Amino acid sequence: MNIEVSRRGLLKVAGVGAAGTALGALGFGAAEAATAAHVRAFKLARTTEARNTCCYCAVACGIIIYSKGDLRKGETAEITHIEGDADHPTNRGTLCPKGAALKDFVHSPDRLLYPKIRKPGSSKFERVSWDDVLDRIARLMKDERDKQFVTKNAQGVTVNRWTSVGFLGASACTNETAWLTWKVVRSAGILAFDNQARV
Amino acid sequence: MTNSWTDIRNTDLAVVMGGNAAEAHPCGFKWVVEAKAHRGARLMVIDPRYTRTASVADVYMPIRQGTDIAFLLGVIKYCIDNNQVQWEYVKNFTNATLIVKEGFSYQDGLFNGYDEQARKYDTSEWDYEIGPDGFAKVDMTLQDPRCVWNLLKEHVAMYTPEFVERVCGTPKEKFLLAARMMGETSSPTKAMTSMYALGWTQHSKGSQNIRSMAMLQLILGNIGIRGGGMNALRGHSNIQGLTDVGLMSELMPGYLNMPHENEVDIKTYLSTRQFKPLRPNQTSYWQNYPKFFVSLQKALWGPVATKENDWAYDYIPKLDKPMYDVLQTFELMHQGKITGYFCQGFNPIMAFPNRGKITASLSKLKWLVIMDPLETDTSRFWENHGDFNDVDTASIQTEVIQLPTTCFAEEEGSLSNSGRWLQWHWPGGSPPGEAKHDNWIMGQIFLRLRELYRKEGGAYPDPILNLAWDYANPHEPKAEELAKEMNGKALADLHDPKDKSKVVTKAGQLVLNFSQLADDGTTSSGCWIYSGCFNEAGNNMARRDNADPSGLGTYAGWTWAWPLNRRIIYNRASADMQGKPWDPSRKIIEWDGSKWAGDDVPDIAPTAKPEEVGPFIMNAEGSARLFARGMMKEGPFPVHYEPFESPVPNPINPKIRGNPAARIFPGDLAQLGASEEFPYAATSYRLTEHFHYWTKHNRVNNVLQPQFFVEISEQLAQEKNIPLGGWVRVWSKRGSVKAKAVVTKRIKPMICDGKTVHVVGIPLHWGFTGFAHKGFGPNSLTPFVGDANSQTPEFKAFLVNIENTTPPEGN
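So the protein sequences, as listed, match chains G and C. Going by our numbering, the first sequence runs without a break in its numbering and finishes at 199. Going by our numbering, the second sequence runs without a break in its numbering and finishes at 1811.
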């Protein structure tokens, strides 16, 4: 954390001049360079940074997410910019056409905001509360499991399996989520468990 | 990947076959460009399309999709015939010298033991002769006609350059150029890397495609060295991790196997998994299987898993089928045998083959739970979108529950990249609306289910009631807590095996790595191969030292790689029988007379003598397998089989359709098309501007690539009178799509078996939800059949027809 703070502090002081010079060298006019330099300073001094990984392919390019507000201080943080992480050995700051548009993914108009249910035969989703929907899921699972759980096969061997419900894991989840998911799914006895790895 | 993205810089020849790295993995592909620019490496691309990877290649050659095995066995034959073999490597590091049982045989496309009705082999004869000393017999001189090398030589004899040209459509001279260039890397000072992706896996013989190249790489001595290896370019940010953690029907974390119901108790289950070495002095590391299994059971059920109850063996569900892969599961759903289904960040109606069957199957569910950051086509499979999703909404009686989750930018944890690096990341933003972390959602589902069982009792509640759940906040387990659980901890004081009076890890502390795991209940570990990721030294996955002292791209201080922070697996094979590097400029590790040391963690016991202990420590032989024994469903050697839908008959045995050992359900067999009705060879692919069905929800990506299209050659366009940009209908035995026609020079007709074969390219990024124009995916057309071993669907080779049409309705 100290290194992070001092680096950011240093950039606040020194970064503006350096960025201005570099932009001038790239052929920006004086006015554009001044604007760009101003924006750069804003990004460095007024936002918080988080090190993250691109969510698309498994090159796993390092990225830096810039936000207004600091999650580490318990604040609400709004992502304002995402760029390649120059420290990362694989991508060294570069991003592809997908990675360069990551902010559009985060702020997509199609992000889901609320739990919803589509009732059988209905032509629409209806908003529900988290509490109700989670109780509903647990109830559906419990009733189905109690009905379909197989403790012994025809030979009398203990098999303790539940095959009438399946679960697809997500290959964009973290390893930690994957482990937690494994625990929950397998302890219920589910066998139809898979992920994108072979699709 | 056996190696890493940054290691590609060390190659002399990058072969991209079965992938398109420049477009699908652009920032990783830069390391190929780096190798070309700074060490004069060459790039070879073998693909039905002239891709952007091909556009920067030194050598490009076309190949008909689904014929990679014929091509690669042709290269193997060329290398054997022309002495392009790294002999010391082949004799010592592969099973070339081992003697195979008399019962093994091969004729006309089939091995011994085939049962045509069951589409299965009896594999018992596909094994070694065992000598009186209990070890496999060998002939180091390679004279015995039954040694693997001679059987291989005989097996590949028919794959001549003429045969390759006839089957693959690759001109003979081009093929010979490829064989020559690959063969040159048999020099101990030359390296070739194989970079592949779903262009190889999505075939009914995908596993054997990859095996063919792995065999070639072994013959050339290119496995375990810098700039070499078999490098699967994985397609999702954590698809490697989800495989590692075992989110597959037949797996447990760390590539342990789910027990089958015929493994009636733990003794039976473990008895076949302790892999006695097949040659003297070999490591056969899976001998440690019981330690990893017992430690996993302790991580799952803590004090309840005891020696007396067989470490809670009964708590694990037992399989009644080889696996419940997605094809098997949707077949059951189609038969009405599945009631409820969860999709955590997955879009089956666009991602699984034969969309008509997928929609019909989902419609039979009582309930479907979607967890996703975005709208998906699957979550709205019941909604009518004209031609794009023509369903009768009112008749679909499935209850659909849609839960909003966070995305990568709002969460913490590790992802495993293609090169097995576990990279920790931190959240940058607050979740939108009421979106929740997956950990919270899974925690809530579990706690509520457990509460119902506590209150009401019910069917065998024990594994649920007793599941270890010791999190500071049980409602939302934290990423660090879960990572520590996977790493594992000591449940009692652990002693130094050499000096029992010394405690190396105290009870309650995190274990150093999996070398400390035990089978007596004194350790726990949720995923043994990840053990070492978060130990008493801290969160090793969060390390950010990007120093590279060797200058060869190792980056050992950057995050953490499994296993044991090893960056190049099989790296013992980078040195000769005396332990000296084959190529000093590519040194990884070296034997100094008493131990192995170098820039990477040695993939061998540190004091294992180089002349005694083989480099392939997971194999009971200690060597790599050119002959796969009974481990591959369709045979110990790869054979060229046509795709299930092919423009030409099987050239070896016209009676065989597809992979003879691939599972196909009767309804799906009836839905296969023939070339008379569907004359064109179709394939699917990604575009560089899009990622699956995610970026159709993003403005920028849709500006770059707005609309679904199919790609055809100028010759086919002329034949069918299809104008550039015109609407075409493309259909198979299973479905139909409408698309804009892109007429290009990137696809050219090939001549195979005396016949002109036209290729139709179908990209996969569209659907009926999102920002983009509505469109279709290749899965409306593709057959419901998978690879015999992995069940990966055959998306890359199928048959279609094409004609001019009118625009689709409902856009």
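In case anyone wonders, no lab produced these hints; they're calculated from the structure. Bear in mind that the values here come from a model prediction, so they are computed numbers and not experimental data. All residues carry an ideal CB built from backbone N, CA and C; glycine is no exception. Any given hint could turn out to be false.
Label pairs and their computed distance ranges (CB to CB) [unchecked claim]:
#1 C:Asp1392 <-> G:Asp131: 48 to 58 Å
#2 C:Thr1189 <-> G:Ala86: 52 to 62 Å
#3 C:Lys1364 <-> G:Asp131: 40 to 50 Å
#4 C:Ser1585 <-> G:Asp87: 23 to 33 Å
#5 G:Gly69 <-> C:Leu1704: 22 to 32 Å
#6 C:Lys1506 <-> G:Asp87: 29 to 39 Å
#7 G:Asp135 <-> C:Thr1393: 58 to 68 Å
#8 G:Gly69 <-> C:Glu1803: 15 to 25 Å
#9 C:Lys1478 <-> G:Asp135: 16 to 26 Å
#10 G:Asp131 <-> C:Leu1465: 37 to 47 Å
#11 G:Asp135 <-> C:Lys1506: 41 to 51 Å
Those earlier numbered hints the structure runs against, lowest number first: Numbers 1, 2, 3, 7, 8 and 10, in rising order.
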